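Chains as they are written, first to last, in this note's numbering: chain A, 6 to 317; chain B, 151 to 375.
Derived by calculation from the structure, the hints in this document are not laboratory data. Since the model is a prediction, treat every value here as computed from it, not as a measurement. For each residue, glycine too, the CB sits at the ideal point set by N, CA and C.
Below 16 Å or equal to it, Euclidean Cα-Cα: the simulated EDC-like pairs (lysine to aspartate or glutamate) are:
no., chain 1, residue 1, chain 2, residue 2
1, B, K195, B, E159
2, B, K203, A, D196
3, A, K28, A, E275
4, B, K360, B, D349
5, B, K346, B, E363
6, B, K203, A, D204
7, B, K195, B, E288
8, A, K158, A, E32
9, B, K203, A, E195
Covered by chain B, according to a simulated footprint, are these stretches of chain A (three or more residues, beta-carbon under 8 Å):
no., stretch
10, 175-183
11, 186-194
Facing chain A, from chain B, some residues (calculated, C-beta under 10 Å):
no., residue
12, F184
13, C208
14, R209
15, T215
16, A223
17, T237
18, D241
19, A245
20, A266
21, A284
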Amino acid sequence: MAVKALAVLAGLALLAVPPFLPKYFLEVLISILFFAYLGLAWNLLGGYAGQFSFGHAAFFGIGAYTSTLLLLRAGLSPWLGMLAGGLLATGFGLFEGYLSFRYGLRGPYFSLVTLAFAEMLRVVTVNLKVVGASLGLVVPSQTNALLFVFADKLPYYYVIAVMTAVALAITHRVAGSRLGYCLVAVRENEDAAEAAGVDARGAKLRAMAISAFLTALGGTFYAQYFAYIDPTITFGPAISIGGLLPAIVGGAGTVLGPVLGSFVLTPISEITRAMLRGRAGADIMLYGLVLILVISFLPQGLMGWLRARRAS
Amino acid sequence: MSQLDLSIESGEIVGLIGPNGAGKTTAFHLIAGFHPPSAGTIRFKGDSIVGLKPHAICRRGLARTFQLVQPFAGLTALENVMVGAFTRERDTAAARRHAGEILDFVGLGPRRDTAARNLTLGDRKRLEMARGLATRPELLLLDEVMSGLNPTEIEAIIGTIRRIHERGVTLLIIEHVMQAIMALSHRLVVLHHGEKIADGPPALVARERKVIEAYLGEAGDGTAP
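If we strip away everything but chain A, and leave its shape as in the complex, we get (with noise of 0.2 Å):
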């Protein structure tokens, strides 16, 4: 009860408090926010289902590459483009599910599978002319709100708020359903689920289906926000990567693990990155090392610890 009340308080300074905020500090606050939204999309898949994808980026781009193409050529809204980066995008992601659940493959089969989808997607996309190829996409930056672009950062802070609101909502509400049940089951114990009748494939592809297309708006945003999209950023791990752990840090199937990662992780990956500025690496570096501590001493991760603290 106590962590629902600070994160009544916590939801509500988020609304207040952006407005008074430096810009640095602001643009910090749409990271952290993107980076939850982005690990509360995986985490219905990678968190509930048990299903590890490292290849989430192939979602990413899809939407970022949908929006933003409909907008280039056919001057579509990315509002709408969005709409249908998304369900392109779940498409993929059925079609990715259904062949690698299909032929059973678990574990890190599954996340080299997807790892190498999202890398297919990035090289086809190099190779592209008609898509930017390796020089990638400008998005207009006129401003204009029914084009999703936007002078300021506080309208992208709140844009980004409302997704990630809206992501918890939809995992609370998955979570406290037949579909979560099952997916948690699956899980645990897959050959248990299917003798209990779960429809194992099916749970994971309704898990894949939702998951995909999350992720693909997170993609749109991105476009809008930093108004570039290239191959490597939009295809690429990093993003994968960027997206599953404040997820595994924060508590992997847990309904607000992947924001308390994301508030724990972004800030310190930032000041990481400005504290060892001109060292080619170093950042990195010590972000992973972070990780690596993290993991190995609170596999549950931070929701975890603070269940186990609280029962005891």
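Following the hints, position chain B against chain A.
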């Protein structure tokens, strides 16, 4: 498994016995859809179930337990049974209610909020039965639910099995605890090296020479009839 010819009538309690390695659990894997048969048919309520996935077979009313209990370790007893209940209920509250009733029925009511990994072996076996029961089966396959239990626990589980039968569930039970299976079964089927060597009322089957030889031929496991 070779040439197994087995049929079960609604309302029966059939005991499936035989020395270790006779193929009893293999028979369960085949029936419940975990392993496809290389030849032959398997019919449940008149329809072939060959090629159906285990969850589809479960939905038709055929549930099973595992020889090595397979609880969802991180979930509570109630949550474990809810997974089974969700086969029949869409709504979480209804599934919770149904699961609660089943837990009370098998005597695990007081343990409903205990994590499955913290339950005793006897309770985990009950939990496994409860989870199967929650799917409202017409036929329940029990695989050595008494192994590893002390005599008191065995008495209790026999009582539970009888109550399950009284609820209208047909039972096919693999068991090594002879007194129990002889007392419970209407009919005994004996497997040896993957083949059926006897099929009939317990008292008669126990006296058949083939059956006695099959058991005595083993390295004396001490539970021969």
